[in-house]
Structure formats: C-alpha cells, structure tokens
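The lines below spell out each chain.
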Amino acid sequence: MKKKLLLSLVALMVIGSMLFGAGIQETAPAKEVYFLNFKPEIADVYESKIAPVFERETGIKLKVVTAASGTYAQTLKSELAKSNPPLIFQTNGPVGLADSLNYTADLRNTDFYKILADKSMALEMNGQVLAIPYAVEGYGIIYNDAIMRKYFALPNKAVAIRSAEEITNFALLKAVVEDMQKNRATLGIQGVFASTSMASGNDWRWQTHLVNVPLYWELRDKNIPFGQPTRNFDFTYANQMRNIWELYLNNSTTARGLLGSKSVDDSMAEFALGQAAMVQNGNWGASQILGVKGNQVADNDIKFLPIYTGVAGEEKYGLSIGTENYLCINKTVSSEQQKLADQFLTWLFSSTSGKAFVKNDLMFITPFNTFADNELPTDPLAKDVIRWMNKDGVTSLSWDFSVIPSREWKSIFGALLADHIAGRKSWAEVAKAGADAWKSEFDLAN
Amino acid sequence: MQKSIQKYAALFVLPALICFVIAFLVPMIMGVVLSFFRFTTVLDGKFVGWENYRRIFINQEFTNALWFNVRFTVVSMITINVGAFVLASLLTMGLRGTNVFRTVFFMPNLIGGIVLGWIWNLIINGFLLSRGVTVVSDPKYGFWGLVVLMNWQNIGYMMVIYIAGLQNIPSELIEAARIDGAGRATMLKSVTLPSIAPSITICTFLTLTGGFRLFDQNLALTAGDPGKQTEMLALNIFNTFYGRSGFEGVGQAKAVLFTILVALIALTQLAFSRKQEVEA
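So the sequences go chain by chain: A and B. Read left to right, the first sequence gives residues 1 to 446 (this note's numbering). Read left to right, the second sequence gives residues 1 to 280 (this note's numbering).
Because the hints were derived from the structure by calculation, they are not lab data. Some hints could be false.
Pulled a few chain B residues facing chain A out of the computed Cβ check, cut under 10 Å [what the hints assert, rightly or not]:
hint: 1; residue: V75
hint: 2; residue: I78
hint: 3; residue: T79
hint: 4; residue: G83
hint: 5; residue: V133
hint: 6; residue: G181
hint: 7; residue: G183
hint: 8; residue: D216
hint: 9; residue: L219
hint: 10; residue: G224
If you're wondering where the values come from, they're calculated on a predicted model, not measured in any experiment. Where is the CB? At the ideal position from N, CA and C, for every residue including glycine.
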C-alpha cells in the first residue's frame, strides 16, 4: 500500500514537472510578428491601436515589446538570445549597426526597401542593405508662441525685435531669454527654459543632441563628409556650446543643484503646462506635449527655433534634421518569419490604415514614396520641422552624432556635463576630457 | 521505510537538482567559459583567451567601483551590526510592546530593493531640497544615502538573529556572573559577546556578502551617478555587460573576478569568526 502511494506520488511529480516544463517553453504562434520598439513615447499606439487593426486586416498577430528609456541596447541583446527573438528591431546608425551585424538580414529584395524614396538613406554594408530609416526627425528649441507674444507686448522689453520669428542668432536669443527671465513673474512662467534634465538615462538631449551642434560645425570646417567616423574631435566650438548650455542653466525653471532628479518627461510637462516658454527637444516630443493632462499650449503656438550658439553665419542655418531610426529584420529567424516582418512594415507604411496611424498617431515624417503631401503628419512640431526643411536660404544641420564612437562616450560626456553643473569641473576641463575620451573610445572601437 | 527512502532518494532529489543545475550550475559554467570569449549574445562568440581580463584594467572603472564598494561594505557592516545588537539588547529587556517593536523593525526587510531605492531616493531628495541639491549631486550623498538605506533594510533582520542569540544565553551563566560581581562592561565583554558569537558570525557574514552583492538598491537610488562615482561592483558589471557594446566578455570576466573575490573574503571572515566562537 505504502509502496503504491509512493509510486503514484512520484508519478504525479514527474508528470507535473513535465507539464510545468512544457508550460514555460515559449512557442510563438504560427503567425506572429515580434517587433522590439525603441520609442517609449509611442509604445501605446503600437499595442492598443495598430496591433488589433493589423491582426484584423491580415490575420497576423503583432507583438510589440518596448524597451524602457535608455535601455534598448541591453534589451535587444537579451531578446536576441531567446528562442523566440524579435523579427524586427531598431538600430541607430552605422555605429549601432556594427554591433548587430550577425543578426541583420539583407533587405534588398524586400517590399519595404522598394517603398523607400531615396535609396541612399538606407544603411549598406558589404553590398547588402541592412537597415532602412523610417522616420526623419528634427530638433531645436521648441517655444510657446503665446508666451513669446506676451513678452513682445511688454512695454518694458529690452529688445528691439517684435516676434520670436525674428530671433536669428545667439545674441538675439540671449537678449530675449535673459530679459524674459527677468520678467518671468509678469509672464507667468517659472523660467524661460524647461529643466535641463540630468537624471540617469535622461541626459541624451545634451550629450547627444546638443553636442551635435559643435560637432557639426567642426566636421564641416575639417571637410569631413557626413557619416564618416573620425578619431579627432577637438571641440573647436566648445565655447559656442558653452554659450547655449549656460543660457539653458541660468534661465531655467529649476535650480542647478536639483537638475539631477529631472527627467525629460518632467521638462516636457513643464512646457506643456506653461511653466516654461522653451525646451530643447524634437518633433517626437509632440505626443508628450499634446498628451499631457492639463496641457496649456495651443497647437498653433508650438514652434521651433534652431539651436543658436553664436557661430558666425548661423542665421542661414536651421533645425537639426536627420534620422537615427533604422529598422532591421532579424536574419536568424526562418525565411517565412522574415517575410512576415516585411509584410508588417510594408503594411504599416503603405496601406491606407497603416498610413493613417503613421500620420495621426505615430506622427512620423517618413522617407517613403507611399505618402502623398497631404498624408504628412499634422501635429504642430512635425509641421514646423517640414516648414524649416523647406525654408528658402536655410540649411539644416545634419545629425553628425551618428559618428560618436560609442555609447560609452555619450555617458562619459553626460557625466562631464553633470560635473560642470555641480561645479566640479570648469568648462575647459569638460571640453578637454570630452575630446580625450573621444580618442580613447575611438581606439577601443576600431 | 528506511530502505524505501534510500531507494527513492535519487527521485526525490531530482526536482531540486534540476532547478539547481538550470538556475545555478549551467549559468555559472557558461559565465566562466564566456569570460574567455568575445560575444554579443550569449550563444555565439569568438575565443580570445585572457584578453577580456586584460581589458578590465584599461581604465579605473573597476578599481574605483571596488574601492567604493569596500568602503561601503565596511561602514555598513559595522553600523548594521552595532545597530542590530543595540536594538536586540533593548528588545530582550522585557520592555512593554516588545513584540510590536520587533515586528516594526523587521518589516523594512520585506520590501524589495528597487522599491526601497526609489522610496529613499524621494526621501533623501526631499531632505536635500533645502540645500538645493539632490542625492546624485555629490558622491558623498550617494554613499551615505546607501548606508542609511542598507541600515534601514537590514537592521531589523540582523536584530532577529541577535535576539535569538541573546535569548539562548543560559540564565545560570548570567546569574553566576552577577554573583561574581561582574559589572555591565565585563558582562558584555566576557559573557554576552562570547555567548552570541555564532550570531555575530552569521550576521557579519550576511552583511559582508550583502554589501558586496548590492545591486538593486544601488541602481534605484543613484544608478552610479554622478559619473559612475557611486557605482558598486555588481552594478559596474551589469553596466559593462549591457551598457557597452563589445564589452560583454569584459563584463563576464569582471563577474568571475568578483565571484572569486567575494568567496575569498567571505571564507576568510568565516574562518576568523569561527575561531572566536565558544561552546557555551
């Protein structure tokens, strides 16, 4: 009797563990596209809006996983090693692509590649098309024109110009900003610029985007063509970067010491709530302004100014426009799955319902030939980026930060900027350490 | 019965063994092997010999993290154990509400490290607000913030162990000491401390290894800011592995060194403390 009981117990255990074992093994449904999304600000659109419609129209499931801000590379690394890896993932340019070469399929024969308007925008390596851009973006200083009009109507304003449109260089910007900061109580703002967010993972607006401005000017001076890696970044425009950097810090909603706990979300919320008149960010931030509860900014008051730093001739230059959003298809999955991935991307960027999502919800300015002029996004920031792109006599700054030698350099530079805020390092030390780190990071990567 | 247990021993061991192999043994061996490879994901790589170990020391990161970690561990080990012992002594004196206090002091231990890190991040930032700084403005805030956090979390746990130790001191021993005219200091030095030596051993072991293995609290409170100056070993390994492309193997090599280091320190400490223990 006892023996029987024991035996049946053992049998139960074995069966149980087998069932349990089967339960944890994740098998993908026959038709599923797994997309590892890079942009947290629009994660919800993919999950709650696009996935159901895509499944209804094509019968294919869409699984979207979004990496938390600043953790894409590490999420991708662990997801790729799983038995059910993502079919579609993102890379940020040549430097990022070099890390995932073992996983990127050749996209030359995909439908997705066929709809790319300018084929030179795709990333190629060894004769293979490995990554295709899906969104052109622009960034600069976003301003709230209602507050600006209020300022320019002040009887005691210290500048001669009469509207934000007339700000065309750093000297004017500085004069306006400093005078606005003086009158902040009258204007009903806490500071001209929203917080210079320095919380962990939230310093990319400075260590990538802002530093792109001096990088752009230096590389043009040296006649280095766009996209070509360089070992030497001498920070010849360090003083110009310092101009704007200190303008941000000195005319902010937040005291210097408290910036370490501010996130990009905080800054965008300050702008949306009318506590700040300006914030440096790109058109991807539209959803963070329009979507904030209690948003105080009217759509047609949200506009862009270029990041002026005091470089001679900057009047003729516009926003920083480019892309670091490229999609890759995983080459380690079966060819059927690769086709599904292609099908999803082509659907998203060429079908009527897909394009409606891109225009209204994702708000991408896309580089595809499937979009007519009236299908461009209508959110105020995207519209203003398009306006700046097409402005007569204005050249856009390119996104040269794609040649930053490693992500580590960005972290190092971000920490240097934090040191500068805290007063531990002078600007000269920041510039020198930044340039030195560039060399050592370049050598490590090459 | 005895016989049938022997007969089925292997079967009963099996589930635990499988878990142990999957969750501990395999990753451990893979980890050591991978430390000699250059790889992106853990399933493919190229053998590079000792290269990863050499690359650990191309900059000061690892040694800085080690030094910060050692300082933190020493300070928090002392403060936690002293604090826990004092509380345990107070709560074995037969005060009113002893059980309520024991429960309250133990409770922080039930909260996860990430949550604690965030909570203390808010508290410390709130406290520092009057000075116009945050916990990541200066590494010393981060250091003491972490010490406070660890104390808050661990004192209650260690206290329970000390209470058990204190309650196990035979009352005859205490009486005998009193009759012999031992004062408070002598009592503590010659009776209490030697009697609870096993508790001291286990508590110092736990706080020592805990200090070195600290990860979630570190990540949530400061994330290593400013500029990696409050980064401890575990977080540094994580950031090397995940944060730097091309350095996955280096992160792995650091992890191997880290394991050896913690094992050595813990074993030395155990051997040392065991010597102090007496049979009561």
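Consistency of the hints with the structure:
1. The beta carbon of V75(B) is not positioned within 10 Å of any beta carbon in chain A (closest approach about 23 Å), and the interface hint is therefore violated.
2. Interface hint status for I78(B): violated, as the beta-carbon distance to the closest one in chain A is roughly 29 Å, over 10 Å.
3. Look at T79(B): its Cβ only gets to about 26 Å from chain A, farther than 10 Å, so that hint breaks.
4. Contact between G83(B) and chain A, as hinted, is not supported at the beta carbon level, the nearest pair being about 28 Å apart and thus beyond 10 Å.
5. Because the closest C-beta pair between V133(B) and chain A is about 4 Å apart, less than 10 Å, the hint holds.
6. Because the smallest distance between the Cβ of G181(B) and any Cβ of chain A comes to about 58 Å, over 10 Å, the interface hint for this residue is violated.
7. Because the beta carbon of G183(B) sits about 51 Å from the nearest beta carbon in chain A, more than 10 Å, this interface hint is broken.
8. Because the beta carbon of D216(B) sits about 14 Å from the nearest beta carbon in chain A, more than 10 Å, this interface hint is broken.
9. Restraint check, L219(B) versus chain A: the minimum CB separation of about 9 Å is within 10 Å; hint holds.
10. Checking G224(B) against chain A: minimum C-beta separation of about 8 Å stays under 10 Å; hint holds.
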